[in-house]
Amino acid sequence: MKAITEFLRGLGEATFFLFAVLAALPGALLRPRLLVQQLYMIGMLSLIIIAISGSFIGMVLALQGYRTLATFGAASSLGLVVAFSVIRELGPVVTALLYAGRAGSSLAAEIGLMKATDQLSAMEMMAVDPIKRVIAPRFLAGVIAMPLLASIFALMAIGVAGGHLIGVELLGVDVVSYWNQIKSSLHPQDIFESLIKSLVFGVAVNWIALYQGYFAAPTSEGVSRATTSTVVVSSLAILALDFVLTAFMFR
Amino acid sequence: MQSRALEVLVGFFVCLGVAAIFVLTFRVASSDTVSGGKNNYQVTAKFDTIGNLSSGASVKIAGVRIGRVRGISIDPTTFQAVATLEISGDHANIPEDSTAKILTAGLLGEQYVGLEPGGDDKSLKQGDEIKFTQSAFVLENLIGQFLTSMTQKDSTPKSAQGSTQNQNTATPPAPAPKSK
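If you read the sequences in order, they're chains A and B.
Just so we're aligned: 210 in my numbering is position 210 of the first sequence, and the numbers increase by one with no gaps anywhere.
Just so we're aligned: 34 in my numbering is position 34 of the second sequence, and the numbers increase by one with no gaps anywhere.
Just chain B, with the same shape it has in the complex:
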């Protein structure tokens, strides 16, 4: 109907429009609003155990997401887990003595790092390490502690037998077999 060149041009513009919509869709669909910011800074935190924490998990203060876990590695000397946290540049005044805890979102949710602010005047900067940490919650250890405290309460009157009994029952039951 129209001249051939005009049709090719219009088709080209339609292609560009469709490509732009797809790029926009990918931006909108991805929930990563923190990565790529110019003022983001990275800090590290050492934990005895990180449980199910994985790279990409959220870093939250008071439940509000302020960053992401970028990397997880092991300290070669102390064999503690080292998590690298990337925090958004909008929150550059987190006190240096804040505590990092590994918490679970909901009952069966994924794990995330929660920061509880301390009271120091100095703020965390690029490359700092969060000194106060609390490791992830391991169910088997808690059950073991619970059973140990239960049996200790039962066997306090009989002191001679009690000590051997305690030794036998002090070992927590073996954790459930890993393979299913």
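Chain A on its own, in the form it takes in the complex:
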């Protein structure tokens, strides 16, 4: 019973935290230098892992898809399989999971350490709102970065170094049919829905990461627990939201 009330209390605390962050967002837009700095830390530094994972996932999809399609004589539809799987599901979801592991945990640890070393209380004593100065720029930067990272993931997986490389160079799928199939069957609607998914995932992961950091217990154990909780709760939230969004979007 106590655990349930604790859980509900945490949920309520997180909701109030989200309202405070959203209220501070317009102020964050007026501080572009903070925003750009955070975009670099969160977005740019995640680029390598997202791009490389994108390539590998595209390559695996091409290999697996080619084998199955070849038994039906439909090997030239490889582009379709890779593009649809990546744009609809794997792009947003895998990017969000990797982002939660890399950027989410780093955000939680950074904010948690700020809390443990009393930097946040020092700011409050100087009449600087830590939510406006520290949290809101990170939240906005994360929400902007997520769809961009998901698009780069999809780009690497379908074209550049993923499906195209393996399908066309290694397996011998015709390059023109690979791309023509994608062009004729993929509608702007699909790409739009994929961006919506990554936006929702971005809001969820950043909210969870910043909340865990801000309300971490101010000890070293508290910071480590905040980091693990971020990754675990973010991953579950991403997969649950993916189910809900897919049910509504792809009927």
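FYI, nobody ran anything at the bench for these hints, they're computed from the structure.
Treat each hint with caution, since some may be false.
Said to hold, decoys possible - Residues of chain B clear of chain A, computed beta-carbon distances all greater than 12 Å:
#1 Gln2
#2 Arg4
#3 Glu7
#4 Thr25
#5 Ala29
#6 Ile61
#7 Gly63
#8 Arg70
#9 Ser73
#10 Asn93
#11 Glu110
#12 Lys131
#13 Thr133
#14 Met150
To be verified - Taking CB as the label site, the calculated pair distances span:
#15 B:Ile143 to A:Ser185: 32 to 38 Å
#16 A:Lys183 to B:Pro76: 35 to 41 Å
#17 A:Asp118 to B:Ala19: 23 to 29 Å
#18 B:Gly17 to A:Ser184: 36 to 42 Å
#19 B:Asp154 to A:Trp179: 49 to 55 Å
#20 A:Val36 to B:Val18: 33 to 39 Å
#21 B:Gly17 to A:Trp179: 41 to 47 Å
#22 B:Phe12 to A:Val232: 21 to 27 Å
#23 A:Thr5 to B:Ala105: 51 to 57 Å
#24 B:Asp154 to A:Ser184: 24 to 30 Å
#25 B:Ala19 to A:Ala217: 26 to 32 Å
#26 A:Val36 to B:Ile21: 31 to 37 Å
#27 A:Ile191 to B:Ala19: 27 to 33 Å
#28 A:Pro26 to B:Ala29: 32 to 38 Å
Unchecked claim - Here are the simulated SDA-like cross-link-like pairs (lysine to any residue), alpha carbons at most 20 Å apart as the crow flies:
#29 B:Lys60 to B:Asp128
#30 B:Lys60 to B:Gly106
#31 A:Lys2 to B:Leu6
#32 A:Lys2 to B:Leu9
#33 A:Lys2 to B:Phe13
Virtual Cβ for every residue (Gly too), placed ideally from N, Cα, C.
With chain A fixed as given, assemble chain B onto it according to the hints.
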């Protein structure tokens, strides 16, 4: 930040909201728009063979889904397959002399029951039986018929030998072994 009781209350509301979203998602994701209607009625139809028809398959008129197959059983006296069809209450004026056929959706698709309306004034009601049915299409029988008709055409001039030849070739080739 806020009072503890307020936080618990807000958390509770957020939980309710999330649960409501999940219920809505399950409703939206399931494509079963027919089941549970108050005015749905059930009719039966007997077929010689139902092929791959299974419970939950659609019942369609002119390609539009109006119901589902709820149950499949065997008539103990005639050994025909009896399919119970649940039809949506929105379509309560299907003539009693309609024909029920088992058709395939597309070339490799699943099988469904198609109803072709007849001309009777009286409509199907709960518990009625559709009298005119056409069974599912069995590939092996069709190949057998085709081969039989081919060999019959070849052997009509030689009547004495023809009859024995016909008997030998009249049995259709054995169907492909079931286990793979």
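Confirm or reject the statement that B:Gly63 sits farther than 12 Å, beta carbon to beta carbon, from all of chain A. Consistent with the label, B:Gly63 stays out of reach of chain A, its closest Cβ about 19 Å off (over 12 Å).
Minimum C-beta separation from B:Glu110 to chain A exceeding 12 Å: can you confirm that? holds, 18 Å
A range of 51 to 57 Å was offered for this pair. Does it hold for the Cβ distance of A:Thr5 and B:Ala105? Given about 53 Å between the Cβ atoms, the range holds.
20 Å Cα cutoff - pair B:Lys60, B:Gly106: holds, 14 Å
Is the claim that B:Ser73 lies outside the interface with chain A correct, judged by CB distances over 12 Å? holds, 33 Å
Beyond 12 Å on every Cβ pair: is that true for B:Gln2 relative to chain A? B:Gln2 is in fact no farther than 12 Å from some Cβ atom of chain A, at 6 Å.
Using the Cβ atoms, figure out if B:Asp154 sits within 49 to 55 Å of A:Trp179. Given range 49 to 55 Å: holds, Cβ gap about 53 Å.
Would the least Cβ to Cβ distance between B:Thr133 and chain A come out above 12 Å? Holds, since 33 Å exceeds 12 Å.
Taking only the CA atoms, is the gap from A:Lys2 to B:Leu6 under or equal to 20 Å? Status holds; Cα separation ~16 Å.
Does the beta carbon distance between B:Phe12 and A:Val232 stay inside 21 to 27 Å, or does it fall outside? holds, 23 Å
Do the beta carbons of A:Lys183 and B:Pro76 sit within 35 to 41 Å of each other? violated, 59 Å
Just double-check B:Arg4 for me: nearest Cβ-Cβ distance to chain A has to come out over 12 Å. Violated, since 6 Å does not exceed 12 Å.
Checked against the numbered hints given earlier, the structure breaks hints 1, 2, 3, 4, 5, 16, 17 and 24 and satisfies all the rest.
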